[in-house]
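Chain by chain, the residues:
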Amino acid sequence: MSQKTPLVDEHVKLGGKMVDFAGWWMPIQYKGLREEHNCVRSKVGLFDVSHMGEIRFKGPKALETLEWLTTNDVSKLQNGEAQYSLLPNDQGGLVDDIIVYCLKKDQDYLVCVNASNKDKDFEWMKKHNRGAEITDESSQWGQIAVQGPQALALLDQVLSKPISQMKSFTVLETEFAGGKALIATTGYTGEKGAEVFIAAPQAVALWQTLLEKGASLGVQPIGLGARDTLRTEMKYSLYGHEIDDTTNPYEAGLGWVIKPQKKDFLGKAQILIHREKGLQRSLVGFTMLEKGIPRQGYTAFSSDGQQIGQVTSGTHSPTLDAPVGIAYLATPYVAEGTEFAVDIRGRKVKAKVCKTPFVPR
Amino acid sequence: MATYHIPEDYYYTKDHEWAQVDENIVTVGITEFAQNSLGEVVYVELPEEGQKVSQGEPFGVVESVKAVSDLYAPVSGTVIEINQSLNDDPAVLNDDPINQGWMIRIEMDTEKELANLMRAPDYKKLIAEANK
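One line per chain: the protein sequences are Y and D, in this order. Heads up: the first sequence begins at 38 in the numbering used here, then just goes up one per residue. Heads up: the second sequence begins at 4 in the numbering used here, then just goes up one per residue.
Errors might be hidden in some of the hints.
[Unchecked claim] SDA-like cross-link-like pairs, simulated, lysine to any residue; straight-line CA separation at most 20 Å:
#, chain 1, residue 1, chain 2, residue 2
1, D, Lys55, Y, Arg384
2, Y, Lys54, D, Ser88
3, D, Lys69, Y, Gly277
4, Y, Lys328, D, Leu49
5, D, Lys69, Y, Arg268
6, Y, Lys54, D, Glu35
7, Y, Lys54, D, Thr6
8, D, Lys69, Y, Gly322
9, Y, Lys68, D, Lys69
10, D, Lys69, Y, Gln144
11, D, Lys69, Y, Arg332
12, Y, Lys328, D, Asp73
13, Y, Lys50, D, Ser40
14, D, Lys69, Y, Val137
15, Y, Lys204, Y, Glu118
16, Y, Lys389, Y, Ile310
17, D, Lys115, D, Gln23
18, D, Lys69, Y, Leu357
19, Y, Lys54, D, Gly42
20, D, Lys69, D, Val95
21, D, Lys69, Y, Trp62
22, D, Lys127, D, Asp18
23, D, Lys69, Y, Met55
24, Y, Lys300, Y, Gln144
25, Y, Lys95, Y, Glu170
26, Y, Lys328, D, Ala70
27, D, Lys69, Y, Phe58
28, Y, Lys328, D, Ser88
29, Y, Lys328, D, Tyr46
30, Y, Lys385, D, Val64
31, Y, Lys164, Y, Val137
32, Y, Lys328, D, Glu51
33, D, Lys69, Y, Asp358
34, Y, Lys328, D, Asn90
35, Y, Lys68, D, Asp98
36, Y, Lys80, Y, Gly277
37, Y, Lys328, D, Glu48
These aren't lab readings, by the way, just hints derived from the structure by calculation.
Same shape as in the complex, but just chain Y (with noise of 0.2 Å):
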């Protein structure tokens, strides 16, 4: 049995093919994949992102223990700030990706996290406690991500909040029908826009109000479809396909999120030892040479023959309509412009590794 979002009677209403997803009832699509993909990329969509988790770190030793079990920075966050990290575990693999919104420095931290790591990431972060107060507020929140050109627009509308005046990677408390609101502009399409984390007694109505002041706007629900569609395009990592418990961040080239300088933190040791001695693989971006559409799990082969990586996404982008394709290859593979074979159903078609995003943000 499926777990429901605040959310879902209204998919229903709009017409959603509803598919489970992780454990949860989902929309996979509305109208089309094809046109609420191209609704984000030129007005506005919305997502029910509720199926999402969130787990709250209160009290003096909040800090300290995020420290501890995460990869980034967090005493760099001030009030209001968010930031992209990993859930490292203590093998040189990751437990989760996550976002980390900063409520109150050094005592109050909201951390977003997987839906389908949700149990799993909840019980780590238990285990490895550091003295914090962590609890899981998944089901007191509902979540929205509002995202598009006009999406900012929209929501200033809606909020009666300068949310178009917001930084990127910030979140801002507020209320919306009385009930609670966390404004962040976050999000995983690579267009402007906001993550709204809402109690979940008021998303239905603020899910409501933004159709309905968004209808000029041309704003339109957006299944999880489309939804990997879009992060596809921008190289997103989706837990499951480019990172799962056995990946060494540094391979996904999420490096960027690991501060080992700065600080401890747990399984630095075992992560370290994969960059210092020399990586064996990297995350590359591709397009197709010749027809076929890669998918997740295909082998990718060099020209001579030798299996070379594994497909981790790929999809038919809906904006550049043509193939792209997501995969680790070996180290002497991966420069921009090089040649190689993914193999589709037993026929070996050709691809070249190219710049990425796919898409220009």
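Place chain D on chain Y using the hints.
Then chain D, alone, in the frame of chain Y:
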């Protein structure tokens, strides 16, 4: 619920292919229900002319933006013609899957296999169940 055009004189598989039989030549495609479930089709992989296919076995692949789906042969036989236009314009499968979106023509080995396929009333029941 969407209503689908399900021609009475076609045969159907449980995997949502249709088969139109003209003596020993069987034209094959996917149903409107299948195209609606797939979403926007962006790529079709079909067999070569002259290739043998077997009833219930994959003969090709159709890909939408979000997923890859196998195509299953409704009857055994030899592929005698493929719809080349689908390579250039796979979106035809969304617009008109049961006429212009035909995929292959098979010279069937034996008419007896048709008994394993569904007729329109049974296929309608199948998709009514799937929509519940």
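Against the structure, the hints come out as follows:
Taken as a hint, the Lys55/D and Arg384/Y pair is honoured in the structure, with Cα atoms around 18 Å apart against an allowance of 20 Å. With a CA separation close to 30 Å, the supplied pair Lys54/Y and Ser88/D exceeds the 20 Å bound. Between Lys69/D and Gly277/Y the alpha-carbon distance is near 16 Å, which keeps this suggested pair within the 20 Å criterion. Between Lys328/Y and Leu49/D, the direct Cα distance comes to roughly 13 Å. Compliance with the 20 Å bound is thereby established for this hinted pair.
Using a Cα cut-off of 20 Å, the hinted pair Lys69/D and Arg268/Y holds, with the two alpha carbons roughly 13 Å apart. Using a Cα cut-off of 20 Å, the hinted pair Lys54/Y and Glu35/D holds, with the two alpha carbons roughly 16 Å apart. With a CA separation close to 16 Å, the supplied pair Lys54/Y and Thr6/D stays within the 20 Å bound. Note on Lys69/D and Gly322/Y: the hinted pairing holds, with a Cα-Cα distance of about 18 Å set against a maximum of 20 Å.
Simply put, Lys68/Y and Lys69/D have alpha-carbon atoms about 14 Å apart, close enough for the 20 Å limit, and the pair holds. With a C-alpha separation of about 42 Å, the suggested pairing of Lys69/D with Gln144/Y is violated against the 20 Å cut-off. With a C-alpha separation of about 10 Å, the suggested pairing of Lys69/D with Arg332/Y holds against the 20 Å cut-off. Distance hint between Lys328/Y and Asp73/D is fulfilled; the C-alpha atoms sit about 17 Å from each other, no more than 20 Å.
For the suggested pair Lys50/Y and Ser40/D, the alpha carbons sit about 19 Å apart, so the restraint of at most 20 Å is met. Restraint check for Lys69/D and Val137/Y: the C-alpha separation of about 30 Å exceeds 20 Å, so the hint is violated. Only pairs whose Cα atoms come within 20 Å are accepted, and Lys204/Y paired with Glu118/Y is accepted, the gap being roughly 9 Å. Using a Cα cut-off of 20 Å, the hinted pair Lys389/Y and Ile310/Y is violated, with the two alpha carbons roughly 30 Å apart.
This hinted pair checks out: Lys115/D and Gln23/D have alpha carbons roughly 15 Å apart, not beyond 20 Å. Annotation: proposed proximity of Lys69/D to Leu357/Y holds, straight-line Cα distance about 15 Å (limit 20 Å). Only pairs whose Cα atoms come within 20 Å are accepted, and Lys54/Y paired with Gly42/D is accepted, the gap being roughly 11 Å. Taking the CA atoms of Lys69/D and Val95/D, the gap is about 17 Å. The hint holds against a cut of 20 Å.
A C-alpha spacing of about 18 Å is found between Lys69/D and Trp62/Y, which places the hinted pair at or below 20 Å, so the restraint holds. Straight-line distance between C-alpha atoms of Lys127/D and Asp18/D comes to about 13 Å, which keeps the hinted pair within the 20 Å bound. With a C-alpha separation of about 14 Å, the suggested pairing of Lys69/D with Met55/Y holds against the 20 Å cut-off. Of the pairs offered as hints, the one joining Lys300/Y and Gln144/Y holds, with about 18 Å between alpha carbons and a cut-off of 20 Å not exceeded.
Between Lys95/Y and Glu170/Y the CA atoms are separated by roughly 5 Å; this keeps the pair inside 20 Å, and the hint holds. At most 20 Å may separate the alpha-carbon atoms for a hinted pair to count; Lys328/Y and Ala70/D meet this at roughly 16 Å. With a C-alpha separation of about 14 Å, the suggested pairing of Lys69/D with Phe58/Y holds against the 20 Å cut-off. Only pairs whose Cα atoms come within 20 Å are accepted, and Lys328/Y paired with Ser88/D is accepted, the gap being roughly 15 Å.
For the hint linking Lys328/Y to Tyr46/D, the alpha-carbon distance of about 8 Å falls within 20 Å, and the restraint holds. A distance of roughly 16 Å separates the Cα atoms of Lys385/Y and Val64/D; the hinted pair therefore holds under the 20 Å criterion. This hinted pair checks out: Lys164/Y and Val137/Y have alpha carbons roughly 19 Å apart, not beyond 20 Å. For the hint linking Lys328/Y to Glu51/D, the alpha-carbon distance of about 16 Å falls within 20 Å, and the restraint holds.
A C-alpha spacing of about 13 Å is found between Lys69/D and Asp358/Y, which places the hinted pair at or below 20 Å, so the restraint holds. Only pairs whose Cα atoms come within 20 Å are accepted, and Lys328/Y paired with Asn90/D is accepted, the gap being roughly 9 Å. With a C-alpha separation of about 15 Å, the suggested pair Lys68/Y and Asp98/D falls inside the 20 Å cut-off, and the hint holds. For a cut-off of 20 Å, the pair hint linking Lys80/Y to Gly277/Y is broken: about 30 Å separates their Cα positions.
About 10 Å separates the Cα atoms of Lys328/Y and Glu48/D, which keeps this hinted pair within 20 Å; it holds.
Hint check: violations occur at hints 2, 10, 14, 16, 36; the rest are consistent with the structure.
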